[in-house]
Amino acid sequence: MMIYDFFISIFHNELIAAFLNSIIPVAFIVPFALFAVYLERKVSAHMQDRLGPMRVGAHGWLQSFADILKLLQKEDIVAAKADKKLFNIAPVLTFVGCYAVFAVIPFSSAYIGANLDLGLLYIVAVSGFVVAGILMAGWGSNNKYSLFGAVRSAAQIVSYEIPTTLVIITIIIVTKSLNLYDLSVNQTSNMFNWMIFGGYVEGWHKIALIPFMFIGFIIIYISTLAEVNRTPFDIPEAESELVAGYHTEYSGMKFAMFFLAEYANMFAVSAIVSAIFLGGFQSPFGYLGSTLNLPWLIPIEQFFWFASKGIFFVFVQMWLRWTLPRLRVDQLMAMCWKYLIPIAVVNLLIVALIMVL
Amino acid sequence: MGLLDKQFSDDNIILAKTEDLMNWARLSSLWQVGFGLACCAIEMMATSASHWDFDRFGVIPRPSPRQSDIIIISGTVTLKMAIRVKRLYEQIPDPKYVISMGSCSNCGGPYWEHGYHVLKGVDRVIPVDVYVPGCPPRPEALLEGLLKLQEKIRNETMVRKAVV
Amino acid sequence: MKTPQEIFEILKQKFGESVIGFADNKLLEFAIEIAPLAIAEVGYFLRDDSELLFDNLILLSALDDMTGKKVTEEDGSFRFEGGTLSVIYHIESTSSRHKIVLKVVVPKENAEIESVAYVWNHANWEEREAFDMIGIKFLNHPNMIRILMPYNWDAGYPLRKDYKNPEFYEGMKVPY
Amino acid sequence: MSVLKTEEMILNMGPQHPSTHGVLRLELELDGELIIDVKPHVGYLHRCFEKHCEALTYPQIVPYVDRMDYLAAMYNEFGYAVTVERMLGIQVPERVEYIRVIMGEFQRIASHLVAVGTYGLDIGAFTPFLYCFRDRERILSLFEMTCGARLLYNYIWVGGLSHDLHPDFLRLAKEFLPDFKNTLSELNNLLSYNKIFTERTANVGVLPLDTAINYGVTGPNLRASGLKWDLRKDDPYSIYDKFDFDIPVGQGWYGTVGDCWDRYYLRVLEMEQSVKILEQALVQIPDGNISEAIPKRIKPPEGQIYTRVENPRGELGYFIVSKGGLQPHRVKVHAPSFIHLGLLGELCKGHFVADVIAILGSIDIVLGEVDR
Numbered sequence: 001m002m003i004y005d006f007f008i009s010i011f012h013n014e015l016i017a018a019f020l021n022s023i024i025p026v027a028f029i030v031p032f033a034l035f036a037v038y039l040e041r042k043v044s045a046h047m048q049d050r051l052g053p054m055r056v057g058a059h060g061w062l063q064s065f066a067d068i069l070k071l072l073q074k075e076d077i078v079a080a081k082a083d084k085k086l087f088n089i090a091p092v093l094t095f096v097g098c099y100a101v102f103a104v105i106p107f108s109s110a111y112i113g114a115n116l117d118l119g120l121l122y123i124v125a126v127s128g129f130v131v132a133g134i135l136m137a138g139w140g141s142n143n144k145y146s147l148f149g150a151v152r153s154a155a156q157i158v159s160y161e162i163p164t165t166l167v168i169i170t171i172i173i174v175t176k177s178l179n180l181y182d183l184s185v186n187q188t189s190n191m192f193n194w195m196i197f198g199g200y201v202e203g204w205h206k207i208a209l210i211p212f213m214f215i216g217f218i219i220i221y222i223s224t225l226a227e228v229n230r231t232p233f234d235i236p237e238a239e240s241e242l243v244a245g246y247h248t249e250y251s252g253m254k255f256a257m258f259f260l261a262e263y264a265n266m267f268a269v270s271a272i273v274s275a276i277f278l279g280g281f282q283s284p285f286g287y288l289g290s291t292l293n294l295p296w297l298i299p300i301e302q303f304f305w306f307a308s309k310g311i312f313f314v315f316v317q318m319w320l321r322w323t324l325p326r327l328r329v330d331q332l333m334a335m336c337w338k339y340l341i342p343i344a345v346v347n348l349l350i351v352a353l354i355m356v357l
Numbered sequence: 001m002g003l004l005d006k007q008f009s010d011d012n013i014i015l016a017k018t019e020d021l022m023n024w025a026r027l028s029s030l031w032q033v034g035f036g037l038a039c040c041a042i043e044m045m046a047t048s049a050s051h052w053d054f055d056r057f058g059v060i061p062r063p064s065p066r067q068s069d070i071i072i073i074s075g076t077v078t079l080k081m082a083i084r085v086k087r088l089y090e091q092i093p094d095p096k097y098v099i100s101m102g103s104c105s106n107c108g109g110p111y112w113e114h115g116y117h118v119l120k121g122v123d124r125v126i127p128v129d130v131y132v133p134g135c136p137p138r139p140e141a142l143l144e145g146l147l148k149l150q151e152k153i154r155n156e157t158m159v160r161k162a163v164v
Numbered sequence: 001m002k003t004p005q006e007i008f009e010i011l012k013q014k015f016g017e018s019v020i021g022f023a024d025n026k027l028l029e030f031a032i033e034i035a036p037l038a039i040a041e042v043g044y045f046l047r048d049d050s051e052l053l054f055d056n057l058i059l060l061s062a063l064d065d066m067t068g069k070k071v072t073e074e075d076g077s078f079r080f081e082g083g084t085l086s087v088i089y090h091i092e093s094t095s096s097r098h099k100i101v102l103k104v105v106v107p108k109e110n111a112e113i114e115s116v117a118y119v120w121n122h123a124n125w126e127e128r129e130a131f132d133m134i135g136i137k138f139l140n141h142p143n144m145i146r147i148l149m150p151y152n153w154d155a156g157y158p159l160r161k162d163y164k165n166p167e168f169y170e171g172m173k174v175p176y
Numbered sequence: 001m002s003v004l005k006t007e008e009m010i011l012n013m014g015p016q017h018p019s020t021h022g023v024l025r026l027e028l029e030l031d032g033e034l035i036i037d038v039k040p041h042v043g044y045l046h047r048c049f050e051k052h053c054e055a056l057t058y059p060q061i062v063p064y065v066d067r068m069d070y071l072a073a074m075y076n077e078f079g080y081a082v083t084v085e086r087m088l089g090i091q092v093p094e095r096v097e098y099i100r101v102i103m104g105e106f107q108r109i110a111s112h113l114v115a116v117g118t119y120g121l122d123i124g125a126f127t128p129f130l131y132c133f134r135d136r137e138r139i140l141s142l143f144e145m146t147c148g149a150r151l152l153y154n155y156i157w158v159g160g161l162s163h164d165l166h167p168d169f170l171r172l173a174k175e176f177l178p179d180f181k182n183t184l185s186e187l188n189n190l191l192s193y194n195k196i197f198t199e200r201t202a203n204v205g206v207l208p209l210d211t212a213i214n215y216g217v218t219g220p221n222l223r224a225s226g227l228k229w230d231l232r233k234d235d236p237y238s239i240y241d242k243f244d245f246d247i248p249v250g251q252g253w254y255g256t257v258g259d260c261w262d263r264y265y266l267r268v269l270e271m272e273q274s275v276k277i278l279e280q281a282l283v284q285i286p287d288g289n290i291s292e293a294i295p296k297r298i299k300p301p302e303g304q305i306y307t308r309v310e311n312p313r314g315e316l317g318y319f320i321v322s323k324g325g326l327q328p329h330r331v332k333v334h335a336p337s338f339i340h341l342g343l344l345g346e347l348c349k350g351h352f353v354a355d356v357i358a359i360l361g362s363i364d365i366v367l368g369e370v371d372r
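Residue numbers (our numbering), protein chains in the order written: chain A, 1 to 357; chain B, 1 to 164; chain C, 1 to 176; chain D, 1 to 372.
Hints were generated in silico from the structure; no laboratory data involved.
Keep in mind that a hint or two might mislead.
As the list claims (entries may be wrong) - Quick list of in silico lysine to any residue cross-link-like pairs, SDA-like style, CA-CA up to 20 Å: (1) D:Lys195 - A:Val316; (2) D:Lys39 - C:Lys69; (3) D:Lys323 - C:Val105; (4) D:Lys195 - A:Lys176; (5) D:Lys296 - D:Asp164; (6) C:Lys70 - D:Arg86; (7) B:Lys17 - A:Ile68; (8) A:Lys81 - D:Ile10; (9) C:Lys99 - D:Lys39; (10) C:Lys69 - D:Lys195; (11) C:Lys99 - D:Asp164; (12) A:Lys176 - A:Val96; (13) D:Lys233 - D:Leu269; (14) A:Lys144 - A:Ile68.
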């Protein structure tokens, strides 16, 4: 049973149920973002022979709360020459963009915000909001560094959407569905039904698909990394070049919004990658709930697997960030247009050929 | 500093608890402007590096002053730089704090007599909360300065004291 | 490898009047004194002559010779009237490894020297520094402005011996 | 139809910027992301060193010398001491010379570690920076046990040293060297040979040899351009002629000779050579009295002298004019960073904004020395 139906059965009102249903991702995103900031600091610290936050709560676990509470108290500066409307809308729009993506991500078999048949296309479309927000921030700040960051970011995100979309088309050819929920549900029973292992296709096709699915997975992971501006693709906010990129001029809660959006976005892309290739909320081994005959346990287990896959990929993103240097703008573009897109196109053609045969 | 500071005329338990929470948040997450001036900046970097690790206290360098809470004036402030230091301080949103690190920014240090281009003490242009002596101060001294600043923040209040 | 004496002979032969002579330096170095307006020409010759090849200007330093008449004011401060400033060029050849020292002396009132910034690019900033600190003007220099002190500094040249520090700069008190 | 008019953008970088290595201000003239011109504005840390020298006696100058190139304070003192000793004609005891070389080479390693680490930071790799600082701490603790200071030492005096070595110094120094070799290989694997890093730095900011000489470039930057020129061998001072070490020269490993990667990697190679010198010096060091040659009163004869030593950043020279008094008449410093910074505009033309950071990091300037 979906959570939405559960709300309807309680309130007998679609509006209230839909409202409550749409709030659930917030209850996940905000604690996750706080946790991810803390995780990032701890992960980086331990990679660098340090300890990271230690003084705020045991092992600094309250650090993110202190940060947020402090950012709430900070003065909200809008520069005199800034374009105030754009400057104020930008953080909200950026957050809305990444929040909207959560609408079609299946958290478990019992919860998906909106079970759209065009889910995958919707994601590609809606993440454009983030670009708009970043461009507004860059322009509205009236700061050259911000503008630089914003223009770089827009160019980067728009470019890297192409390989992402190409890989998504490859998946559509195999699954014949754009619905993320169906996609996740179908990759069931064990990990060899995941798309990365050829999915739930029958016969020799499955074996033939495996290498190309791996290639697709690597391409989409690299391009999502670029879409969320993480190292080695973090040139829009490259600290050593552009100070803080498009959010250079933002202070207080508006900056916190960008921060929140960044970490939410990290999770969103990880979740999408795992939903497409790694079975989404499906367990790799089967469910304790079905063994013990406790049907209510299954969605909870599924949520656990979903969250752990997402967090694992977020962790990999952090790992890369604290290991790799950063690319230059032209190299970044060259990487996209000269390598990823041709490979993705060829991959698409080969997969199409396999599926036709 | 801050909008609410010294805005209330009477003290009560709710105010006291809110105050404690606010001050706790402020003192636990002092983001620093990533900004070094001279020799002391190297010791400041050493303090952020693995051996001493500023991050334990929640201090991380932010490249943009808009997102920072403290500025550590780490080194000699020259006349040419003083104008920029002042501008930088003005760019930090309230509540903001200043640590003056090293003799040079405290009082001109070894350049006090013949330094025709050295500002004798950064407190001639911006208000300073904590002075850390030394030339350059050891990382431990800077950490001590930070703890002193935290102590100071802990005692900030929203209550306006009656003028005697 | 040539000794400074030999190089002096070559220069004397080539430039005649412009090469004034050995400047007396009692310690380890002795310098060839050159006329202020001929130094660029001499520089080009030293750099391009196939026997000399002085391709590296090591150091250009300007100094106040403190030779004028000392006038003491009522408040105890003093200044020099007249006197000279000098610029010293250490140059060497990275290929044949010889080193010489050139010296140019100018009067303080009319401190103008031909620039060598086009001979050795390195001299560009060094000459700006000499202008900034001592107040020697280099003619034909690409960008003769202050370098270390603020561009709007108007209290004189700090490394002159009779320099007096101003009381305020842009509203900031300068003395301790 | 009118021609579309475009104009250049002026981007002001610094004095507060995460990667200008201090208080440097760069005025970039940009066409999109391409650099048309770079104008460095210096002087934000002008601490009047030369004026102080004219007002202080010779021994009093030593602490001020430290504060010039604060990453290589030992070597600044070394150079100053050598200069004044030549003026006075003092021969210092052999143990002092050995200790000076040991300290100088440790300082070279420490300084290069900062250079290499912050260069990684400029390119975007945060972790190598902290690894470098971790090892630098060990060297600083060696200095600290010798003279009590971590950064600015006032240790090498004219004619001698302020303290003799700590009894544990030699043991700890010998223990450090093998560990440090591991660090170097770790650094190379993490950063130097990283594909992204080589892409970012190879063929960027190429400095041809003739330009380098014409601009007076010295030290690692000159050697990276291909000239075998090291004052420790070419204009020997102290006891460097007693040690066996190589002078690494840039060979264009990943690109052209004299690019950023060469300049970076040359520093790594120099650290290896410093380890080699240290391994010999720590074994050969003789016993002796370190303070017997310290003069009671320093009053050099009238005249002038220019002496130079091989500082981690290049040729550090002191030009001292004495009028026979207790104070020098004029001290002028040949500061390598000042000269290298003058070259920046030349190196950056036609590159991207991101390359300015890469080039600035690779020439390794210290603003304290640029502005003095």
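Here's how the hints hold up against the structure:
1. D:Lys195 - A:Val316: holds, 19 Å
2. D:Lys39 - C:Lys69: This hinted pair is violated, its Cα atoms lying about 41 Å apart.
3. D:Lys323 - C:Val105: Holds - the C-alpha atoms of Val105 (chain C) and Lys323 (chain D) are around 17 Å apart, at most 20 Å.
4. D:Lys195 - A:Lys176: violated, 39 Å
5. D:Lys296 - D:Asp164: holds, 18 Å
6. C:Lys70 - D:Arg86: The given pair, whose Cα atoms are some 32 Å apart, is violated under the 20 Å limit.
7. B:Lys17 - A:Ile68: Given that 20 Å is the threshold and the Cα spacing comes to 18 Å, the pair holds.
8. A:Lys81 - D:Ile10: With Cα atoms ~18 Å apart, Lys81 (chain A) and Ile10 (chain D) stay inside 20 Å; holds.
9. C:Lys99 - D:Lys39: Not satisfied, since the Cα-Cα distance of roughly 32 Å exceeds 20 Å.
10. C:Lys69 - D:Lys195: Distance ~67 Å between Lys69 (chain C) and Lys195 (chain D) Cα, so the pair is violated.
11. C:Lys99 - D:Asp164: Judged against 20 Å, a Cα distance of about 37 Å means the pair is violated.
12. A:Lys176 - A:Val96: violated, 29 Å
13. D:Lys233 - D:Leu269: holds, 17 Å
14. A:Lys144 - A:Ile68: violated, 28 Å
Violation of the numbered hints given earlier is confined to hints 2, 4, 6, 9, 10, 11, 12 and 14; the remaining hints are satisfied by the structure.
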